[in-house]
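Novice: Below, each chain spelled out in residue letters.
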Amino acid sequence: MSAEQPHVRLEILSNPLLNCGAREMVASMSRRMGFAEDAACQIALAVDEALCNIERHGYDRQTDRPIWLSLHAIGGLAQNGTSSSPTEGLKIVIEDEAQQIDPNLIKSRPLDEIRPGGLGVHIIREVMDEVIYEQRPNSGMRLTMIKMRNPQPKKDNGAPP
Amino acid sequence: MSAEQPHVRLEILSNPLLNCGAREMVASMSRRMGFAEDAACQIALAVDEALCNIERHGYDRQTDRPIWLSLHAIGGLAQNGTSSSPTEGLKIVIEDEAQQIDPNLIKSRPLDEIRPGGLGVHIIREVMDEVIYEQRPNSGMRLTMIKMRNPQPKKDNGAPP
Amino acid sequence: MNDSALTIISRVEGDATIVSPAGDIDLNGAPAFKSQLRTIQSALKPGGRLVIDLSAVPYMDSSGLATMIESMQAARRQSFKLILCGLTPRVRAIFEIAKLHTVFTIKGTLAEALAA
Amino acid sequence: MNDSALTIISRVEGDATIVSPAGDIDLNGAPAFKSQLRTIQSALKPGGRLVIDLSAVPYMDSSGLATMIESMQAARRQSFKLILCGLTPRVRAIFEIAKLHTVFTIKGTLAEALAA
Ligand SMILES: Nc1ncnc2c1ncn2[C@@H]1O[C@H](COP(=O)(O)OP(=O)(O)O)[C@@H](O)[C@H]1O
Ligand SMILES: Nc1ncnc2c1ncn2[C@@H]1O[C@H](COP(=O)(O)OP(=O)(O)O)[C@@H](O)[C@H]1O
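Residue numbers (numbering that gives the first Met the number 0), protein chains in the order written: chain A, 0 to 160; chain B, 0 to 160; chain C, 0 to 115; chain D, 0 to 115.
Don't read these hints as lab results, they were simulated from the structure. Ideal Cβ positions, reconstructed from N, Cα and C, are used throughout, including at glycine. Be careful, since some hints might not be right.
Looking from chain A toward chain B, a few residues come up when the C-beta cut is under 10 Å (computed) [stated by the list, open to error]:
id, residue
1, V7
2, E10
3, L16
4, R22
5, E23
6, V25
7, M28
8, R31
9, L76
10, N79
The list that follows gives simulated cross-link-like pairs (lysine-lysine, DSSO-like), each with its CA atoms no further than 27 Å apart [claimed, not checked]:
id, chain 1, residue 1, chain 2, residue 2
11, A, K106, C, K98
12, B, K90, D, K98
13, A, K106, C, K33
14, B, K106, D, K33
15, D, K80, D, K44
16, D, K106, D, K44
17, D, K80, D, K98
18, B, K106, D, K98
19, C, K33, C, K44
20, D, K80, D, K106
21, C, K80, C, K44
22, D, K33, D, K98
23, D, K80, D, K33
24, A, K90, C, K98
On the chain D side, residues computed to face chain B include the following (Cβ under 8 Å) [unchecked claim]:
id, residue
25, D23
26, L26
27, N27
28, S61
29, L64
30, A65
31, I68
32, E69
33, I93
34, I96
35, A97
36, K98
37, V102
Turn these sequences into a full structure, and let the hints guide you.
Specialist: Spelled out as structure tokens, the structure:
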């Protein structure tokens, strides 16, 4: 994982009305970084699901609390006029000040039981190459997600099969 | 003008590759706030033109300098389940650490002479209801733009006719 | 509903009730859609059909999927037939990621859904 | 050009050279588009036609407008005819905001542009 500075930082309030802007920003930038259309949409979906979970579970539907999102283009960004994108992958970090929970409790359920709910974490783990939930040092949670442009064979993230 | 906190803050590096994400974020959020499609596109265009000018003129095409953008929904944001948007307008503030110039020198040219260039400031003033350029206290420039959902008859912003 | 968010139109054609949402079905839009769907479903007769035309839905997330699953459960309870149609590639992808594309009856166009 | 940014295809049909950019023509994409247009234009004969089909351009900003104006200036210098077509509403709006919609020859579809 790179220790470099993010290329983009976003702070939004925890109002679901704003999620569309965050996910479309990420989709749009991902396309420009060279991700294929379906991958760009997957990244946007993962971001949206993560925001929904913070808003519903972390902040218990309070709509005026902060959520921070940062994007780091692994391998860097193309400069104007260069012939191809050097971006190898996208690292997205989403942080909040919401209630802390044991990262092991954030897990997807088996999908063979068809019922509403319980799909968000599955979606996030399915579409991203790396997904790490952790508690931030003082308050809140941090979710780090990585998607590579040409992904390696997928690692097991500890999600149930 | 409202003294309230912004609902969204964005920091991007001055690489034109990232402008698409900033403008699509703003377009997407504007639609949700209740702006009509054409107005949402106009706001996105003004944001993009402002970013282009900072990147080309302010930072002289350096691609690794910071640009800050904040959005404040005047009148507030709809809460889930409410019947209509309380958002009266959108205030956008764009700041940089680039070279400072006399705000009076940032002006649009007459459009009857057809030549490339010199259209950005005209576009910004044309589509937004209020446009204020100023020097920040220590370094860089600040552009404040407001677009109302149901605009009053347009004030003269000091732009040439 | 927000001025700007999801708009939902429904109409009856023969034994089919066609619901056409327009806009994103996400955490912001799903609650209003869900409550409108419930109202529509409560008027459906056993043996009738509910067609949800998603051709004007550019985006859906797990809140939207939950709404669809609720509708499927209502269909089982009330014995009406639920048919989805008009999925854009982006919306179809999320059904696939959630392994729900084989669970719902999904048709290409509204015409195909009505003929089903 | 970036893998992802603007792609530009051109082909010749009779006396017309048709250029079809696909993607946003903004500060990120305009430089590559401008240099490709220059190359294409340098091969145009007086009396010929250059048709720029903008139907796959969802977004354009003043960098794109500047590119179009440059092309118009080349058309005057080299006596070829420049025709734009396929403008999406969002792109058409920026031509109008810059008061350029009456300055260019703008047709609805590519077929109309080729018949012009
Ligand atoms: N950001 C978060 N903060 C707290 N708990 C979370 C968070 N994200 C997920 N969870 C927990 O993980 C569970 C599974 O989440 P998910 O798969 O999205 O389904 P759902 O949200 O429908 O329950 C949630 O029910 C919740 O207990
Ligand atoms: N953010 C900025 N920083 C410094 N100068 C600026 C900025 N924005 C605009 N200007 C000045 O205003 C002029 C007009 O800008 P614009 O209408 O966008 O046309 P162009 O950028 O094509 O010259 C520019 O040439 C520049 O001198």
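Novice: Take the C-alpha atoms of K106 of chain D and K44 of chain D, compute the straight-line distance between them, and say whether it is at most 27 Å.
Specialist: Given pair K106 of chain D, K44 of chain D holds - Cα atoms ~22 Å apart, limit 27 Å.
Novice: Please verify that hint: I68 of chain D, Cβ, nearest Cβ of chain B, below 8 Å or not.
Specialist: 4 Å, holds
Novice: Can you verify the interface hint for L76 of chain A: is its Cβ closer than 10 Å to any Cβ in chain B?
Specialist: Holds, about 5 Å.
Novice: Would you check whether M28 of chain A satisfies its interface hint, that is, whether its CB is within less than 10 Å of any CB in chain B?
Specialist: It holds, given that the least Cβ distance between M28 of chain A and chain B is near 4 Å, below 10 Å.
Novice: Does the alpha-carbon distance linking K80 of chain C and K44 of chain C stay inside the 27 Å limit?
Specialist: It holds: about 10 Å lies between the C-alpha atoms, which stays within 27 Å.
Novice: N27 of chain D was flagged as interface toward chain B. Is the shortest Cβ-Cβ separation under 8 Å?
Specialist: Since the shortest Cβ distance to chain B is 4 Å, the answer is holds.
Novice: Does I93 of chain D pass the interface hint, meaning its C-beta sits closer than 8 Å to a C-beta of chain B?
Specialist: 6 Å, holds
Novice: Hint K98 of chain D vs chain B: min CB-CB distance below 8 Å?
Specialist: For K98 of chain D, the interface hint holds, since the closest Cβ of chain B sits about 5 Å away, which is under 8 Å.
Novice: When the nearest CB of chain B is found for A97 of chain D, is that gap smaller than 8 Å?
Specialist: Hint holds; A97 of chain D Cβ to chain B Cβ min 5 Å, cut 8 Å.
Novice: Was the hint right that I96 of chain D lines chain B, CB cutoff 8 Å?
Specialist: Check passed: Cβ of I96 of chain D comes within 5 Å of chain B, closer than 8 Å.
Novice: Check whether the Cα positions of K106 of chain A and K98 of chain C lie no farther apart than 27 Å.
Specialist: With Cα atoms ~17 Å apart, K106 of chain A and K98 of chain C stay inside 27 Å; holds.
Novice: Taking the least C-beta to C-beta distance, is S61 of chain D closer than 8 Å to chain B?
Specialist: This interface hint holds because 4 Å falls under the 8 Å limit.
Every hint from the earlier list agrees with this structure, and none is contradicted.
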